[in-house]
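Engineer: For the protein sequence lines, the chains are X, E and R, in the order given. Residue 1501 is where the first sequence ends in the working numbering, and the numbering goes up by one at each step. Residue 150 is where the second sequence ends in the working numbering, and the numbering goes up by one at each step. Residue 131 is where the third sequence ends in the working numbering, and the numbering goes up by one at each step.
Just so you know, the hints here were simulated from the structure itself, not pulled from any lab data. Some clues are possibly wrong.
In silico contact screen, one side only, chain R against chain E (beta carbon under 8 Å); selected entries [what the hints assert, rightly or not]:
#1 Phe21
#2 Ala23
#3 Ala44
#4 Ala58
#5 His63
#6 Thr68
#7 Ala87
As the structure is a computational prediction, the values presented were derived from the model and not from experiment. For glycine and all other residues, C-beta sits at the position ideal for the given N, C-alpha and C.
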Amino acid sequence: MSGRITEIGRWQGFLLQLPLLVWLVVLWLLLWGHVTVISVLTGILLALLVTRIFYLPPVDLSGRFSVYWGLAFAWHFAVDLVRASVLVAWQAIDPRGVPVNSVLAIQLHTRSDLIMTLTAEAISLVPGSLVVEVDRERSLLYVHALGTPDDAAVERVRHSVLVVEERIVRTLGSEHDVWLINRERRAAGRPPIRLSARQRRYEEAREGE
Amino acid sequence: MSAAELLDAGSVLFLFAAALLSLAAGIGIVRFPDPLSRMHAATKPQILGLVCALVALGLQAENGATVAALVPILAFQMLTAPVSAHMVGRAGYRTRHLRRDLLLRDELADAIDKAHADAAHHDVEPDLPGLVTDEDTSTPRP
Amino acid sequence: MLQAAFVLVGTIFFAAVVLAVFRIVRGPSILDRMIATDMLVATLICALAAEMVQHEHTRTLPVLLVLAMTAFLATVGVARYVTQQDRPGGPQAEGGAAEGSAEGGAAGDDAAAHDTTSGRAAR
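Same shape as in the complex, but just chain X:
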């Protein structure tokens, strides 16, 4: 691990680690099943210990989180999960034979590690699509998709992955991520997402460069 960190860097690092610490403490409390002073204290102690021993590079959080889009993402995810599960169950027993598959290279819009990871998690959890390889440098996901009999089905899978990415960006993407998505949408002649005054200023500054 890299040696010396300045005082400010350490403080920022702590703030960035805070969500992880809170999640660890909450998990500890859920495991115990009750909230007492002792369990909270030991939880905080263990969370600090665990994050110190199993050090991971801090995740670049954008600092914003849209509750509305988070819930929308959760809802769409649940719907996708049920639909895909039923679909794969049908493909498993379909008497007409086994499905034809594809390995697709899907170019994500953003470069953020966090968004890429969350997208890969979300599409891996939904049956019928599976991340085989990740190209982090080019932000490519290689997805193995079940049941793609023709090119139209291939494009549907590609589109569905990009939609998942878009929902995640709407939930917790930075201004830069939203700008990347918006650029793509404008090029395709679709309306941009989330145009707050701040976002508009940011995008104008980027376009002006």
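Model the placement of chains E and R on the given structure of chain X, informed by the hints.
Structural biologist: Below, chains E and R alone, put in the same frame as chain X:
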């Protein structure tokens, strides 16, 4: 019909769904021709089946503590299932454990071929896509 | 009535487990066996939950939790081993990853992966 009976019936319905998903996964795992297809079949009871079973349990729970104990079960399964799926998928692809004749498209093979062709052309090491060693497997969610 | 429904649910779970065991026995590759084992554990978790609902207790809840936490470890281990075995000195094989036993190789690869990630984050 009393409320308890309704809850019981609801539990049984959700358990039925979980059981049927498991059965479909079992059929898929036997019927599908290559490991990567079978992987898809296996992920079903892992998530939706588990959700159904946990909902059935939650309906019977008498207190909040039991429901609270169900949350980490689902959380852990949702965090870890993609990891093993990805690792197996990756290993399956790399070790050629898949039936190419059943693939409509293989853009990863295209990319690898292209990298090799470029490397041969410029006489350098091939810049293989996807073959980066740092994986997303060890990063917990914030 | 309800008991009959539970018996039916149990039978379906049993059928799923038999199919998974069939795939474990048949293989043909180790990956198939690992996938089937994964599915077996997932089915087992669901079946344990069903049993708890039927007999109205929560004693096996910790078992569920531990299974959900650790079921993926064996799969990841085998998948790593299979990947490494197949490409000795592969394109990205660095240091400890290329040489030695499966365990040693896996550990080396792990450490290397961590180093690259932290190195990048520190830039």
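Engineer: Hints first: check each against the structure and report whether it holds.
Structural biologist: Verification of the supplied hints:
Below 8 Å, beta-carbon pairs count as interface contacts, and R/Phe21 has one with chain E at about 5 Å; its hint therefore holds. With a cut of 8 Å, the hint placing R/Ala23 at the interface with chain E holds, because the nearest CB-to-CB distance is about 6 Å. Satisfaction of the interface hint for R/Ala44 is found here, the shortest Cβ-Cβ separation to chain E being roughly 6 Å, below the 8 Å cut-off. At its closest, the beta carbon of R/Ala58 sits 5 Å from a beta carbon of chain E; the interface hint therefore holds under the 8 Å criterion.
At about 10 Å, the closest approach between the beta carbon of R/His63 and any beta carbon in chain E exceeds 8 Å, and the interface hint on this residue is violated. Interface hint at R/Thr68: violated, since its Cβ lies 10 Å from the closest Cβ of chain E, which is beyond the 8 Å cut-off. Of the supplied interface hints, the one on R/Ala87 holds, with its beta-carbon coming within about 4 Å of a beta-carbon of chain E, less than 8 Å.
In the structure shown, a violation is registered for the earlier hints numbered 5 and 6, in ascending order.
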